[in-house]
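Novice: Positions 6 to 117 (this note's numbering) are the ones given, in order, by the sequence shown.
Keep in mind the hints are simulated off the structure, nothing from the lab. Bear in mind that the values here come from a model prediction, so they are computed numbers and not experimental data.
Ranges of calculated distance between the beta carbons of each label pair, as one might list FRET restraints:
hint	residue 1	residue 2	range
1	I14	K95	28 to 36 Å
2	V63	E93	39 to 47 Å
3	Q57	F89	40 to 48 Å
4	T99	S10	33 to 41 Å
5	Q104	I50	19 to 27 Å
6	A12	L109	29 to 37 Å
7	S106	S83	12 to 20 Å
8	V63	F96	32 to 40 Å
9	H91	Q30	30 to 38 Å
10	T99	I50	29 to 37 Å
11	I50	V79	17 to 25 Å
The C-beta atom is built at its ideal place from N, Cα and C for all residues, glycine as well.
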Amino acid sequence: FGFNSLAIIPLASILGAATEQLALQVGPALGGLLNATLGNAVEMIITVFALQEGLIEVVKGSLVGSILSNLLFVLGMSFLVGGFSHKEQKFSQTEVSTQTSLLLISVMALML
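Work out the full structure: start from the sequences and follow the hints.
Specialist: This is the structure we're talking about:
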(Lines of atoms letter the chains of each structure in order from A; the text may use other names.)
(Lines give C-alpha, C1' and ligand atoms only; values in the text may rest on other atoms or scores of the structure.)
Protein backbone atom coordinates (compact mmCIF):
# COMPACT_ATOMS: atom_id res chain seq x y z
CA PHE A 6 0.00 0.00 0.00
CA GLY A 7 2.80 2.39 0.90
CA PHE A 8 4.65 1.88 -2.37
CA ASN A 9 1.45 2.29 -4.33
CA SER A 10 0.71 5.53 -2.49
CA LEU A 11 4.19 6.82 -3.25
CA ALA A 12 3.83 5.85 -6.91
CA ILE A 13 0.69 7.96 -7.25
CA ILE A 14 2.53 11.17 -6.33
CA PRO A 15 4.74 11.47 -9.45
CA LEU A 16 1.92 10.22 -11.66
CA ALA A 17 -0.38 12.93 -10.35
CA SER A 18 2.35 15.49 -10.96
CA ILE A 19 2.84 14.33 -14.56
CA LEU A 20 -0.90 14.37 -15.16
CA GLY A 21 -1.15 17.90 -13.70
CA ALA A 22 1.68 19.18 -15.91
CA ALA A 23 0.12 17.59 -19.01
CA THR A 24 -3.25 19.11 -18.17
CA GLU A 25 -1.70 22.57 -17.75
CA GLN A 26 0.04 22.30 -21.12
CA LEU A 27 -3.18 21.19 -22.77
CA ALA A 28 -5.05 24.07 -21.11
CA LEU A 29 -2.61 26.54 -22.67
CA GLN A 30 -3.55 25.22 -26.11
CA VAL A 31 -7.35 25.08 -25.77
CA GLY A 32 -8.03 28.30 -23.84
CA PRO A 33 -8.98 29.19 -20.28
CA ALA A 34 -12.59 27.95 -20.25
CA LEU A 35 -11.98 24.48 -21.68
CA GLY A 36 -8.64 24.34 -19.89
CA GLY A 37 -10.35 24.90 -16.54
CA LEU A 38 -12.84 22.16 -17.30
CA LEU A 39 -10.04 19.75 -18.25
CA ASN A 40 -8.08 20.66 -15.12
CA ALA A 41 -11.09 20.07 -12.88
CA THR A 42 -11.91 16.77 -14.59
CA LEU A 43 -8.43 15.30 -14.90
CA GLY A 44 -7.32 16.69 -11.54
CA ASN A 45 -9.43 14.00 -9.88
CA ALA A 46 -8.31 11.17 -12.17
CA VAL A 47 -6.61 9.30 -9.34
CA GLU A 48 -9.81 9.30 -7.28
CA MET A 49 -11.82 8.19 -10.30
CA ILE A 50 -9.47 5.27 -11.00
CA ILE A 51 -9.57 4.14 -7.36
CA THR A 52 -13.36 4.45 -7.41
CA VAL A 53 -13.74 2.31 -10.53
CA PHE A 54 -11.58 -0.51 -9.18
CA ALA A 55 -13.20 -0.38 -5.75
CA LEU A 56 -16.70 -0.50 -7.24
CA GLN A 57 -15.71 -3.50 -9.37
CA GLU A 58 -14.71 -5.28 -6.17
CA GLY A 59 -17.89 -4.19 -4.37
CA LEU A 60 -16.06 -1.98 -1.87
CA ILE A 61 -18.73 0.66 -1.41
CA GLU A 62 -17.37 1.86 1.94
CA VAL A 63 -13.94 2.44 0.38
CA VAL A 64 -15.56 4.56 -2.33
CA LYS A 65 -17.49 6.58 0.25
CA GLY A 66 -14.35 7.08 2.31
CA SER A 67 -12.39 8.14 -0.76
CA LEU A 68 -15.05 10.69 -1.71
CA VAL A 69 -15.30 12.11 1.82
CA GLY A 70 -11.49 12.31 2.02
CA SER A 71 -11.30 14.10 -1.31
CA ILE A 72 -14.01 16.57 -0.33
CA LEU A 73 -12.47 17.26 3.07
CA SER A 74 -8.96 17.68 1.68
CA ASN A 75 -10.09 20.02 -1.09
CA LEU A 76 -12.43 22.15 0.99
CA LEU A 77 -10.67 22.16 4.34
CA PHE A 78 -6.95 21.49 3.87
CA VAL A 79 -6.49 23.53 0.71
CA LEU A 80 -8.63 26.36 2.06
CA GLY A 81 -6.81 26.32 5.39
CA MET A 82 -3.42 26.41 3.70
CA SER A 83 -4.62 29.32 1.56
CA PHE A 84 -5.61 31.20 4.71
CA LEU A 85 -2.26 30.43 6.32
CA VAL A 86 -0.10 31.42 3.36
CA GLY A 87 -2.24 34.48 2.66
CA GLY A 88 -1.86 35.52 6.29
CA PHE A 89 1.92 35.62 5.93
CA SER A 90 1.79 38.29 3.23
CA HIS A 91 -1.39 40.17 4.20
CA LYS A 92 -2.20 41.37 7.68
CA GLU A 93 -5.92 41.47 6.93
CA GLN A 94 -7.69 39.26 4.42
CA LYS A 95 -11.13 39.77 2.90
CA PHE A 96 -13.36 36.93 1.77
CA SER A 97 -16.63 36.83 -0.11
CA GLN A 98 -19.51 35.85 2.19
CA THR A 99 -21.31 34.27 -0.77
CA GLU A 100 -18.34 32.03 -1.61
CA VAL A 101 -17.90 30.98 2.01
CA SER A 102 -21.60 30.13 2.31
CA THR A 103 -21.51 28.16 -0.94
CA GLN A 104 -18.45 26.14 0.09
CA THR A 105 -19.90 25.42 3.52
CA SER A 106 -23.22 24.30 2.06
CA LEU A 107 -21.50 22.03 -0.46
CA LEU A 108 -19.38 20.47 2.26
CA LEU A 109 -22.37 19.86 4.51
CA ILE A 110 -24.59 18.42 1.78
CA SER A 111 -21.92 16.14 0.35
CA VAL A 112 -20.85 14.69 3.68
CA MET A 113 -24.47 14.16 4.78
CA ALA A 114 -25.30 12.44 1.49
CA LEU A 115 -22.34 10.10 1.85
CA MET A 116 -23.29 9.23 5.42
CA LEU A 117 -26.58 7.69 4.21
